[in-house]
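Chain B: place on chain A using the hints.
Here's the letter readout for the chains.
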Amino acid sequence: MRSPSATLAATLALLVALPVAGMAEEAGNNHAPEIARQSWSFSPPFGTYDNAQLQRGFQVYKEVCSSCHSMRLLSYRNLGESGGPEFSPKAVDILASQVQVTDGPNEKGEMFQRPARPSDPFRSPFANDQLARNANNGALPPDLSVIAKARPGGADYLYALLTGYRPAPEGFQVAQGMHYNAAFPGHQIAMPPPLSDGVVSYTDGTKPTVDNYARDVAAYLMWAAEPKLEERHKVGARVMIFLIVFVVIMYLAKRAVWARLKHGGATHAA
Amino acid sequence: MAHPSTYQPKTGIERWLDARLPIPRVMHDQFMVFPTPRNLNYWWTFGGILTFMLVAQIATGIVLAMHYVPSEADAFNSIERIMRDVNWGWLLRYSHAVGASMFFVAAYIHTFRGLYYGSYKAPREVLWILGVLILLLMIATAFMGYSLPWGQMSFWAVTVITNLFSSLDSVIPGLGTRLVEWIWGGFAVGGPTLNRLYSLHYLFPFIIAGVVVLHIWALHIPGNNNPTGIDVKTAKDTVPFHPYYTIKDGFALVAFILAFAAIVFYAPNWLGHPDNYIPANPLQTPPHIVPEWYFLPFYAILRAIPNKLFGVIALLASIGILFFVPWLDTSKVRSTRYRPIYKWFFWAFVLTCLVLGYLGSQPPEGWYLILGRIFTVYYFAFFLVVMPVVGLIEKPRGLPGSITEPVLGPQEVKAPPAPKVPLKRKPAELV
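Protein chains in written order, with the working numbering: chain A, 1 to 270; chain B, 1001 to 1431.
To be clear, the hints were calculated from the coordinates, so they are not data collected in a lab.
Predicted model, so just to flag it, every value in this text is computed and none were measured.
For glycine and all other residues, C-beta sits at the position ideal for the given N, C-alpha and C.
There may be inaccurate statements among the hints.
Claimed, not checked - The calculated DSS-like cross-link candidates involving lysine-lysine, where the alpha carbons are at most 25 Å apart (straight line), are:
#	chain 1	residue 1	chain 2	residue 2
1	B	K1395	A	K262
2	A	K108	A	K62
3	B	K1233	B	K1395
4	A	K262	B	K1343
5	A	K262	A	K90
6	A	K228	A	K62
Stated by the list, open to error - Here are some chain A residues the structure puts well away from chain B; computed CB gaps all over 12 Å:
#	residue
7	S39
8	E107
9	E110
10	R117
11	A135
12	A148
13	K207
14	F246
15	A256
For reference, chain A alone in the conformation it holds in the complex (with noise of 0.2 Å):
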């Protein structure tokens, strides 16, 4: 009786773990419009980040998104931590000092400028929301820290996006200030197309098309979403070795134990 329910369950624990673990980082919905699958370095269960894709999307970032999309939650030392980009301390320092923030007060009571340091979160092109509004057509440009966690699709939305601007089709009427996108929910992205070939200078020979930029970049919002990704399938993986064998011995000591009922062992002795 105990062998084919023991298999049952095992099965049942298999049925589930199997299509999770093939699953994408992000289970889209369906209101959408259809987003093709990319192949990521990081898709589960063993993915890791390409640290120099991670550091050419950083410089798309830099260079292009981040004169209107803001970055709250990353602070400069992020991007020289494990399982990022992985920037060297002299890099970060660098690239921290490059950027004014505003601190203060001082012990004259004012608020002054000093360069960035390693610890500061990114400066945010905008002092606050009415300005970025103001600036950009009456859209606000979304904070991209958790964008790739924030749209079904994640990392193969955003590439779709950046790579979906063409001209709208025949009888397509788009609103002044907005921009055919074939990606975008509804087809109408107030965002101009950031991209275009050569715009953001490569130094490592990858070359510099709108489809290596989108694809940078994506990865790099992944990895700005979800920055402990490598840590976990690392853990992960060991988790799963370490459960797999405990669940073998188990159902094994299960077997043992349920085999002293049959050979007529005394039953409830008490």
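Quick look at chain B alone, frame taken from chain A:
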């Protein structure tokens, strides 16, 4: 089954404690030698799994509460801080969030198991009622917990659900509005609302733990039901809880944790909604407000009713009706195994719950709404019509003579089946 104590204190300190607070005696009698039917299948392991999940949720929750800030301005950011800067914060938070889902997976399986094997029937009515109470408390706790990240779904779920109370305005004008404002602590969902949700989210798990103690107490008076649904007759029908069920439950628990861990480590946001990573914005409604998956069947029932007040009543009734199941079911036989007609209705009910769950995730329009209404009707008809009527007209299959019989085969003296019913039957005639 209440059984005479077999505890023998062995050491001086055990004798001393036994005369004052006999915890070792209770542990020995109720958890070591407790006579448990020998034929419990793996559907019976979810009680232990649920106990583990409650403890896991409380443990992770207490640590999360050390870092969480329940204010409109800081709630979202404090959770991101847990994810980024707190040591192992990502693991705590994902375990807690996924844990809520796994808790409901186990609770629903446990409930359906009770329904299938008739575990609510005499003398286990109080046990069942306490279980339904725990389910209600879990629903409240999970709902309040989901509000705490203060993302878009959190905020709008709170807005939609608390607004349900305003339907009372159609009974006594002004009553609903006043009640909703009292719940909100203001004129809109805001900081005071978040604070009270947080306070109650911390309180409720301990109330659940208290009711769980009563639930286990109420289990240990009549003892476990079992897949045959027939009572324990001799000592041969039972085995001591330890080691037989500690090891069986333990194996099932580890298998369950394996599935749990796979989600936590490889798809932690699978069961969540992307919109909840957008900070709450009272000025912008998400295109589709959907609750967590474990509320979707109830949400579908709510939306199937065109009238708001009656929708809310149906929503409450969909869970409340479970309290009356022990008296709605008229069958003399506990286990659905021996109920040839009811069996089909039971599986149709399981299917109904799954379909309602799917419909709850879809916009309430067109066919989704029509199907939602059809399945809502069956949901209630199952309790109000099928349970009382089928129990009366159905001829149950012959029951085995004892629990041991189907396990070990007919024993030396074969007791005749209690309600002697011919095994040969023609279902068509019965319907």
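Evaluation of the provided hints:
Using a Cα cut-off of 25 Å, the hinted pair K1395 (chain B) and K262 (chain A) is violated, with the two alpha carbons roughly 34 Å apart. Our distance criterion of 25 Å between C-alpha atoms is broken by K108 (chain A) and K62 (chain A), whose separation comes to about 34 Å. Taken as a hint, the K1233 (chain B) and K1395 (chain B) pair is honoured in the structure, with Cα atoms around 24 Å apart against an allowance of 25 Å. Between K262 (chain A) and K1343 (chain B) the alpha-carbon distance is near 31 Å, which puts this suggested pair outside the 25 Å criterion.
Taken as a hint, the K262 (chain A) and K90 (chain A) pair is broken in the structure, with Cα atoms around 70 Å apart against an allowance of 25 Å. In summary, the hint linking K228 (chain A) to K62 (chain A) is supported, as the alpha carbons are separated by about 22 Å, within the 25 Å threshold. Even its closest Cβ contact with chain B, about 17 Å, leaves S39 (chain A) beyond 12 Å, as expected for a residue assigned away from the interface. Even its closest Cβ contact with chain B, about 28 Å, leaves E107 (chain A) beyond 12 Å, as expected for a residue assigned away from the interface.
Even its closest Cβ contact with chain B, about 26 Å, leaves E110 (chain A) beyond 12 Å, as expected for a residue assigned away from the interface. Every CB of chain B lies more than 12 Å from the CB of R117 (chain A), the least distance being 16 Å, so the non-interface label holds. Consistency note on A135 (chain A): stated as away from chain B, and its beta-carbon is indeed over 12 Å from all of that chain's, at 20 Å minimum. For A148 (chain A), the requirement that its beta carbon stay farther than 12 Å from each beta carbon of chain B is not met, with the minimum near 9 Å.
With a least beta-carbon separation of about 31 Å from chain B, K207 (chain A) lies farther than 12 Å from that chain, consistent with its non-interface assignment. In this structure F246 (chain A) is not separated from chain B by more than 12 Å, as the shortest Cβ-Cβ distance comes to only about 5 Å. For A256 (chain A), the non-interface assignment is contradicted: its Cβ lies about 8 Å from the closest Cβ of chain B, within the 12 Å cut-off.
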